[in-house]
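Chain by chain, the residues:
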Amino acid sequence: MLMKVVFSSIRYRIRLYTPMIFAVSLSLSLIGASGILQNSFDTVVEKEMRKYGANVILKPENGEVENAVYPGDEWVAIYVKTARMDGSEISLAVTDVEKLMRMNPAWVLKGEGNVIVGRELAERLGIESGDAIEVNGVKGRAAILDSGTEFDSFVILNGTAKRATMVLIRTDNPERYRSGDAIILEEMVRTKFSFLRGIEKLLLYIAGVSVVSSLITIVNLSRADAGKRRKEFGIMRAVGADTKMIGKFILTEFGILAVISALLGAIFSVILSWIILVKTADTLPDLSSKFIVTLISLSAGAFYAVSLMYLVESTRKDVVNELGGE
Amino acid sequence: MSPISFLFRMVFRSVTVQRYRFLSMVITIATASTLLVVLSSLYLNAEAQLAMELSGVPNMVVEPKRSLVEVTSLNISDVLAIKKKEHFWRNNIVNAVPVLLRDGEVKGVNVSVAGVWFEKNLQIENESYTFGLLRFKGWNYSGEFPDEDSVVLGANIAEQLVGMDSIRIKIDGKEVELKVAGVLKTGSYWDDYIFISLERMWNLTGKNEIDMILVSALIKPKDELAVKAELYGIDSLSPEEFEAWYCSPYASSIAYTIKEVIPNGDVKILRRVTEVQEGLIRASSSVFASMFVLTTGISLIAIFTSEKMYVETGMRFFGIMVAMGISRQKLYLQVMAEIFTASLISAILTYIASVYIVEFVSRSVFGIKFEALSELLVLSVTVPILISLIALALLRKGLERDVVEILRW
Amino acid sequence: MDKMIIVDNVVKKYGNFTALNGVSFQVKRGEWLTIMGPSGSGKTTLLNLIAGLDTPTSGKIVVKGKIISSMSHDERAKFRRENIGIVFQHFHLIPYLTALENVMLAQYVHSMPDREEALNALRLVGLESKAENYPSQLSGGEQQRVAIARAIINDPAVILADEPTGNLDAENERIVLEIFERLKEDGKTIVVVTHNPEVAEFGDRTLYIHHGKIVR
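Protein chains in written order, with my numbering: chain A, 110 to 435; chain B, 57 to 465; chain C, 10 to 225.
Keep in mind that the hints were calculated from the coordinates and are not lab data.
Fair warning: there could be bad hints in the mix.
[Unchecked claim] Taking CB as the label site, the calculated pair distances span:
#1 A:Lys340 to C:Arg183: 25 to 35 Å
#2 B:Arg122 to A:Ala241: 16 to 26 Å
#3 B:Thr438 to A:Glu207: 46 to 56 Å
#4 B:Val349 to A:Asp281: 28 to 38 Å
[As the list claims (entries may be wrong)] Which chain C residues stay away from chain B? Per the calculated CB distances, all over 12 Å, these:
#5 Asp11
#6 Ala60
#7 Gly61
#8 Arg159
#9 Asp178
#10 Gly196
#11 Glu207
[Said to hold, decoys possible] Under the rule of at most 25 Å between Cα atoms (straight-line distance), these lysine-lysine pairs were calculated in the BS3-like manner:
#12 A:Lys168 to B:Lys241
#13 B:Lys284 to A:Lys160
#14 B:Lys278 to A:Lys208
#15 B:Lys364 to A:Lys337
#16 A:Lys310 to B:Lys425
#17 B:Lys278 to A:Lys160
#18 A:Lys190 to A:Lys208
Since the model is a prediction, treat every value here as computed from it, not as a measurement.
All C-beta atoms, glycine included, are put in the ideal place defined by N, C-alpha and C.
Kindly generate the complete structure, drawing on both the sequences and the hints.
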């Protein structure tokens with residue numbers, strides 16, 4: 110019987126409760142999305158950090174790579190020697206070019222030639238993309254590499270490095286290489302952490318202010334309604350209901366609203382964070398059960414805080430006088 | 057008494073006698089508007105602020121132009137040129153550090169030495185700037201403030217010279233003892249360097265030129281236009297495209313404009329840095345955009361419901377006026393006047409709250425002062441008023457409801 | 010124009026419920042008509058239709074020669090402010106305006122507020138001294154008198170009153186009804202809805218309505 114009365118009450122007040130539910134669920138979706146994004150943003154940032162490319166440069170002993178690189182790390186071996194190109198002495202690197210470019214997505218290659226000439230070297234020698242050039246007897250067409258690294262002064266040819274002068278490694282765990290003769294490039298790491306912290310804080314502030322805004326909405330809506338329901342509470346008292354029974358009715362009604370809002374909020378959170386992450390970082394959201402629990406708690410908190418107004422109205426001594434009314 | 061005076065009197069009475077009802081609406085509009093205004097302000101400045109947050113490391117290097125025929129040189133005037141009015145993107149340059157490189161010797165071991173500004177205050181065309189090695193916030197410096205008699209050790213070098221309070225360093229045949237001020241961890245090749253003041257380096261080498269300028273610039277993420285310029289060259293752009301490219305702070309366009317003011321220089325974009333910076337800015341801007349849309353929804357619901365409540369709790373009075381035969385225009389005027397008054401007061405509250413919140417968030421999240429106060433003022437005034445009017449338009453139907461029903465309330 | 014109000018075969022339905030079922034009658038200029046009936050008989054509905062606050066489902070209502078039942082919302086509002094004064098059982102004064110301002114409100118709705126005229130109206134109902142009081146500072150009878158002053162300030166031809174003494178004690182009831190008598194002497198056409206036979210005695214004629222039909 111209680112649930113029947115509660116559902117009838119909710120249906121009767123659907124025009125009032127709809128904006129309340131929306132206000133709370135939108136706010137919750139903001140909080141939920143913030144939480145999901147915080148969890149997932151690490152992944153997003155790691156993904157962006159990968160654009161940094163090789164973060165360890167190793168000079169292997171005896172030119173042997175296999176024992177120098179940890180399993181699971183991405184690596185490319187490079188053999189460097191001097192060579193002659195169009196009468197000038199240059200630094201020549203022989204490596205798996207495709208692997209090299211894949212590891213360093215920030216590098217820009219202009220043209221489709223088979224002889225890669227670093228930008229600085231090209232400018233010095235007056236070489237442009239597509240020019241016919243000859244390196245150590247190998248003829249080909251120039252493609253210009255703009256990497257922003259020392260490779261901009263090199264010529265790079267595709268091939269297998271018989272002995273590696275250096276190994277470029279892309280690893281998630283550069284610390285492993287620190288004891289050896291390796292150069293670890295981690296200049297964006299500090300920036301990354303402070304950036305992540307900054308984003309987390311920002312999301313939290315936004316969520317915080319929106320929670321206040323939503324609370325004010327539902328308080329506003331409820332304030333007027335609580336007074337209007339005095340007659341209803343008067344009728345309940347007149348037929349013999351005590352405070353405990355009326356309280357149970359009110360709390361059940363608001364409990365249902367809280368659950369609906371939390372579920373809607375959870376759905377909106379997932380949709381919102383999915384859109385953001387897939388669009389911007391090609392990553393799926395990282396959900397945890399903790400997030401659903403948090404949303405339900407917040408929703409319940411909001412609605413039960415508001416239900417206090419109704420509870421107070423229902424306990425007023427003059428509520429039965431409302432029946433004398435109009 | 058004129059009708060306008062009577063209207064003002066009614067509005068004044070309505071808001072002063074029914075203070076609680078009126079204040080409730082004012083607070084709701086102010087809070088919801090503050091949310092929107094704060095977010096809008098942060099969002100409008102987000103890319104710039106995020107770029108600032110990510111600008112703690114150098115993302116470009118200016119080096120002397122080299123060709124087969126000649127090798128040019130750079131000097132201090134080139135550093136200053138980057139911040140002069142002739143440089144189109146001068147306001148996007150956050151830090152510019154001149155560097156003179158030399159090989160040196162410490163305890164018989166060869167070391168790489170860089171002469172730099174540690175932290176230098178500059179006056180360029182009546183504006184003050186502070187540039188220097190220590191202004192790269194993404195690099196981690198621990199130690200005392202270095203001066204001309206100090207060295208700063210790169211992290212890798214520091215491991216080899218551990219425990220030394222001072223070092224004797226030999227450059228170009230001249231030897232000098234300098235105290236170790238601190239250690240700089242950059243996470244890059246610079247960790248292998250010893251840094252001394254540029255003036256000291258000039259003193260030791262007898263030269264006053266520089267080898268490079270490390271630049272940190274605020275950049276905008278690449279889009280199709282920027283990619284086209286990079287892959288196919290700026291000659292492939294139409295005049296309109298070129299103008300659009302030039303007037304957008306891409307890494308490539310900033311590099312181009314630096315070359316305009318430093319004709320002897322060649323600008324190398326540290327692509328792996330800019331690529332990460334751009335990616336992070338892009339990702340976060342999307343986050344902000346989505347949050348912006350959602351909070352707009354929350355704010356609109358808040359304002360709409362509060363105005364709905366305001367009108368509904370005043371319905372009986374409006375119903376009395378309708379029963380007296382008030383015209384539609386006069387009725388709307390009454391409601392609009394009350395809501396407009398609330399919006400105006402909310403606008404003031406919104407501005408005050410927004411200034412504090414935006415400043416707090418800007419400092420706390422981005423570590424910088426929020427600059428766009430005039431923008432904030434405009435938003436604070438227009439947002440509450442606009443939204444209130446929109447909400448009012450939506451409430452019209454409620455005002456036209458059956459007056460008999462209203463009077464039964 | 011001898012017939013001030015003509016109600017011709019008026020039907021009013023609310024969904025499946027018929028509040029008025031073919032009501033017809035006329036009210037002469039300067040006449041005081043009382044409409045009586047039990048609760049739910051349709052008398053208030055009928056008054057609301059004559060006032061132009063609502064429109065009939067079918068049938069015609071003519072007031073002062075104008076068919077108000079076919080007017081638009083805005084046209085009825087205009088007609089009402091120029092020709093009809095309404096007095097409600099629950100007074101319906103604006104609580105944040107003084108007695109004088111409540112009367113001036115009716116002038117504002119019509120055209121231009123005039124303090125002196127409004128004071129005159131209060132004088133007519135014996136409340137000049139309470140002009141600056143708020144409704145909460147007035148007794149029920151005084152509030153109703155303010156409501157009457159508000160209803161007559163624009164010199165309407167017709168005055169409609171829905172249970173005007175329903176919330177008043179006997180003494181105040183008498184005062185209010187005497188005011189209505191004076192208004193009738195001034196040539197106003199008055200229609201009063203009541204369930205109180207003592208009020209009906211003041212009128213020229215009484216109509217009885219029951220279950221939406223005129224019974225006598």
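Each hint, compared with the structure:
no. : hint                             : result
1   : A:Lys340 to C:Arg183: 25 to 35 Å : holds (33 Å)
2   : B:Arg122 to A:Ala241: 16 to 26 Å : holds (23 Å)
3   : B:Thr438 to A:Glu207: 46 to 56 Å : holds (54 Å)
4   : B:Val349 to A:Asp281: 28 to 38 Å : holds (34 Å)
5   : Asp11                            : holds (25 Å)
6   : Ala60                            : violated (7 Å)
7   : Gly61                            : violated (8 Å)
8   : Arg159                           : violated (8 Å)
9   : Asp178                           : holds (24 Å)
10  : Gly196                           : holds (21 Å)
11  : Glu207                           : holds (26 Å)
12  : A:Lys168 to B:Lys241             : holds (21 Å)
13  : B:Lys284 to A:Lys160             : holds (19 Å)
14  : B:Lys278 to A:Lys208             : holds (24 Å)
15  : B:Lys364 to A:Lys337             : holds (16 Å)
16  : A:Lys310 to B:Lys425             : holds (16 Å)
17  : B:Lys278 to A:Lys160             : holds (14 Å)
18  : A:Lys190 to A:Lys208             : holds (20 Å)
Hint check: violations occur at hints 6, 7 and 8; the rest are consistent with the structure.
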